[in-house]
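**Q** Protein chains in written order, with our numbering: chain A, 1 to 553; chain B, 554 to 1253.
Note that these hints are calculated values from the structure, not bench results. Since no wrong hints were added, every one of them can be taken at face value.
So the derived label-pair ranges between C-beta atoms look like this:
1) Gly79/A / Arg605/B: 49 to 57 Å
2) Arg605/B / Gly292/A: 36 to 44 Å
3) Trp476/A / Thr591/B: 48 to 56 Å
4) Gly274/A / Arg1074/B: 20 to 28 Å
5) Pro1170/B / Gly274/A: 55 to 63 Å
6) Ser471/A / Asp1173/B: 32 to 40 Å
7) Ser1182/B / Ser16/A: 49 to 57 Å
8) Gly292/A / Pro1170/B: 24 to 32 Å
9) Gly274/A / Thr591/B: 52 to 60 Å
10) Leu67/A / Leu1241/B: 52 to 60 Å
11) Ala536/A / Trp1225/B: 16 to 24 Å
12) Ser118/A / Trp1225/B: 52 to 60 Å
Incomplete in silico selection of chain A near chain B, CB under 8 Å:
13) Gly429
14) Val509
15) Leu537
This structure is a prediction, so every number in the text was calculated from the model and none was measured. Don't be surprised by glycine CBs; every beta carbon is placed ideally from N, CA and C.
Below, each chain spelled out in residue letters.
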Amino acid sequence: MSTAEAGWLQAGLLVSALALAYRPLGDYLAHIFTTTRHWRVERGIYRLIGVDADADQRWPTYLRSLLAFSVVSVLLLYGFQRLQAHLLLSLGFPGVKADQAFNTAASFVTNTNWQSYSGESTMGHLVQMAGLAVQNFGSAAVGVVAVIALIRGFARSQTDRVGNFWVDLVRTVCRLLVPIAAVFAVVLIAGGVVDNFSAGHAVTTLAGQHQVITGGPVASQEAIKELGTNGGGFYNANSAHPFENPNPFTNLVEIFLLLVISFALPRAFGRMVGDNRQGYAVLTVMAILWAGSVAGISFFESGYHSGAALAAGGSLEGKEVRFGIPASTLFSASTTLTSTGAVNNAHDSLSPFGGGIAMVNMMLGEIAPGGTGSGLYGILVLAVVTVFVAGLMVGRTPEYLSKKLRAPEIKLASLYILTTPALVLIGTGLAIALSGEQASILNPGPHGLSEVLYAFTSASNNNGSAFAGLSVNTVWYNGVLGVVMLLSRFVPMIFVLGLAGSLASQRAVPASAGTLPTHRPLFIGMLLGVVLIVVALTYFPAEALGPLAEGLH
Amino acid sequence: MSITTIPRLRRPPREPVGGQTRRVSAGLLDPQQLLRSTPDALRKLDPRVQIRNPVMFVVEVGSVLTTIEAIAIPTVFAWVITAWLWLTVVFANLAEAVAEGRGKAQAETLRRTKRETTARRLIGWPGPSVTEEQVPGVQLRVGDHVVVEAGQTIPGDGDVVEGIASVDESAITGESAPVIRESGGDRSAVTGGTTVLSDRIVVRITSKPGETFIDRMIALVEGASRQKTPNEIALNILLASLTIIFLLAVVTLQPMAYYSHAPQSLVVLVALLVALIPTTIGALLSAIGIAGMDRLVQRNVLAMSGRAVEAAGDVNTLLLDKTGTITLGNRQAIEFLPVEGVSVEALADAAQLASLADETPEGRSIVVLAKQAYGLRGRDVTDVEFVPFTAQTRMSGVNLPDGRQIRKGAASAVREWIRAGGGQPASGLGPMVDAIAAAGGTPLVVAEHSNGTARALGVIHLKDVVKDGIQERFAELRAMGIRTVMITGDNQLTAAAIAAEAGVDDFLAEATPEDKMALIRREQTGGRLVAMTGDGTNDAPALAQADVGVAMNTGTSAAKEAGNMVDLDSNPTKLIEIVEIGKQLLITRGALTTFSIANDVAKYFAIIPAMFAAVYPGLDALNIMRLHSPTSAITSAIVFNALIIVVLIPLALRGVRYTPSSASALLRRNLWIYGLGGLVLPFIGIKLIDLIVQFIPGLG
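Assemble the whole structure, with the sequences as input and the hints as a guide.
**A** Shown next, in the form of structure tokens:
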């Protein structure tokens, strides 16, 4: 089988699997958040944390609950790392330094999973399992519940209630993440991913070097790492490490996992607002961007014209030979489009345009399909902006899903689309302007700029992947990127929940022939246009000095 | 007092029927207007004025910065860019000034009607000892009584409390035919500034000086009381946030440029910023709003707020009065149906005789039908005695010299008359009457009394005539997603028949004001916006409840107070036009926003390579327009950006073309024109400008 055939086969399998999962998983998601029945274990949890599970919250209360949960999570995770030396299974590692512990705590709670540390040489098994992996569940669930509140805003009418954060959170974890992660942890173990409590084997390599090979509870963490679009690897090499991702089968499973919830959420959205076509429209936009991105990166990686690369049939620098180009580019596109940030190849070694696309993928705002929950709310906010402009063009106060978009809604949507570019651009500008921080750049010229831009783009979009070649384990980068991650995760969520509240309080307007249909190809095209022109073009000047300058000769 | 020749507003062509009407269309831009408005445009450069428009304020600040830079380091390029940046701001102001200028001219005309009125205030009216004093019109207070006689100008808004008069209201309506105003009833309201042509009336003043109808009209057409409408506010927020995003993109570009050893001059950075922020729509946004209101004024509709105009575009349900809107307002005879034993000619002859003196439109239509269908001409009617219609007899007719009496009237009344005359109504009469009623018509029974007995001759079928083309109009409304509901006092059967013929979606028969109110509430509870017209005092609650309430100028002051628009022509069909104007206003904003944003793509391709191709020659590949030089490229983008504003001013004032159709069709059309056009046009425009500016010394 040629490389190209293998690539098509893998992409075909992946798309088929996602298509098969779309309806059942989406319907199940909708069921989780609309049923009134509680599981017994859930009731136990509600009693434990003292929550009235049948009382819905107003949006500010919902937001406060969400923020409180996240603040406590950050503090716990920070404490965990700092006190690691005194904990079980620490493997003898000392406590993590303050700035790095803050950065890591912020990173995992915000679903970014940016790692300025190297897993196998910094974190013990307990911190990995009870600290980081718990946040893999928690942060993914927070994203999901936020979008569910927004969907309720569309679906409900004349109410100030958007749901109960604690119920949504517990259900997401108990009914969605834990069962699926458990099943796929077993699948990954069967596929060869390690899962043990080994403190490591000291081995002598062929070249006579000594090396410690760390084992650990990898497979269990790997499943939720992908499923929750987290991306924080057990090992520094992340999914390029053979213990995390030993072969093309596990590779495909991991890509499937990191896409599956985000691609199924549009179905849940369609179900909950009572019009499945709306879900398909959003799905189509996501799918087009995803497919375009996969095709783009694959094209540039296999066609990269440098001497050695050409001889190898494409750019294989930084890629694992066991995956080859298609499985690597499929992973790269999917991970940068989902806010996962796990990698199975070195993005720093992507060709200039391939790396540029990976960066643009994130710059789109993680919407195709994006992180669990965050991807859907991201694209829905852009849909709100699109409907506003398009709706004016049909001569009515714009309506999306029977809700009018007026100044309050547009204010919230505008603030949302303002936040991420502001963080990326100000962060990159500062890092480049400060001579001290410039010193972290290991490569000169445009590639160096790309590395900084990539770092801030990744942090600001809660992706977590990185161009290597930038020493980010400094107090400045740990601190600034930590703050950027927190702001870029929770500030937009404030606007999303505000939007949910504002929409829920409205009376639904009945649709008529004068209403802009938001499920037709025309609207899909327009939403794509807004995503590409309004969102992506913001970064065009910066891109021009980074990947474009590097790639255009 | 002096009676000035009353100036007139532009009088719109009367709309003859429901269909075949003018579409919402052009008010052409006179090039001289641009010149006349230039001083106003320059005055608006005051930053305190400019800050109300965030996008253009950023451009102005940028212009100040480049001016300083150009003075410090004078180059041709810096000065050319600076000049064009200032022009961009001026052009934006010009758009607004031109839009305002049209209103100002109208306001001036109106203001002239206000001057020099003297009121004859009555002290102690009504009472035994009424005295009269002369006071200036502006000193009148609410509750004062004034007397106005033929030839005098009514000094303020009020209600007629005594007398009846014909009034020339052309000062505000442009309609020269006088109207009748009388005390009591629905025609009691008079407007200050109009002139009494005959008789004498006493008017109770109902508005404070400075708050009269004319004052409000002046404020409205001048735009003095203009507040941003909800959609405009929302759009402004979106534009402001796009501006902030691009501001960040440009500000943070400089450190990256330094890192890349290609620091940019302030002039270039400001140029990039101005090219990227949505200046086109930012410049034209307020002109679009003012022009939208102006389009209404040109159609003699006064909207009390821009909010109401926007709401008109959103309307889901139109409540239309049957009479005058859907039907011509007069029933016409269309058929003579004789009873058995009577020839149709005999019936026609009798009907004609009975109607010769009947001056009502119905009566005339009977004469016309008799002539057209049966060749019966009018005849000498000197020695006959006409019996006029009264509410008691519900009949009219004629007594001929030979003793023969002919009557026509409501079926029950004529039957009574026949029995009283010793006759029996024919057995076929009942079914005929019922059949006509079922078809939505009005049956008029004709009977005669001769030779000692009375008998029925037959029935005249009077029919409500639906306006020509109104069906097409309703079909269009349906395509636009607007439901039409006909309101009528007719019974169910009649209403159903006319509703079917006119093609309305629903009807409310035997409607009382309470029914109307309930209908509006019901629609609104379902989330729909309702528009209606009304004139009577009992319409006032419904007018106030409706989202768009258009009061007829002929109506009472209560109705005019309650509605949020007043139609000076008192033409209920205009509601449809108002809806179209509301839609057109929003479409124009949306289309130009799309255009403005789509423009950015080309500007990126012009400016980015110009900025950085010197240090990264590979970036010249982005110069797909093959612009001559970096300076000519940036200049071309800025010149295009400024000129496109001027080019689009006429469009902003006139509104984009609007044909009623479904949302999908509208979106498709506008997206092709303004989306794709906005993408492609600047590539062509910038290239063409570059072909010229490259010859300017210092830019090549």
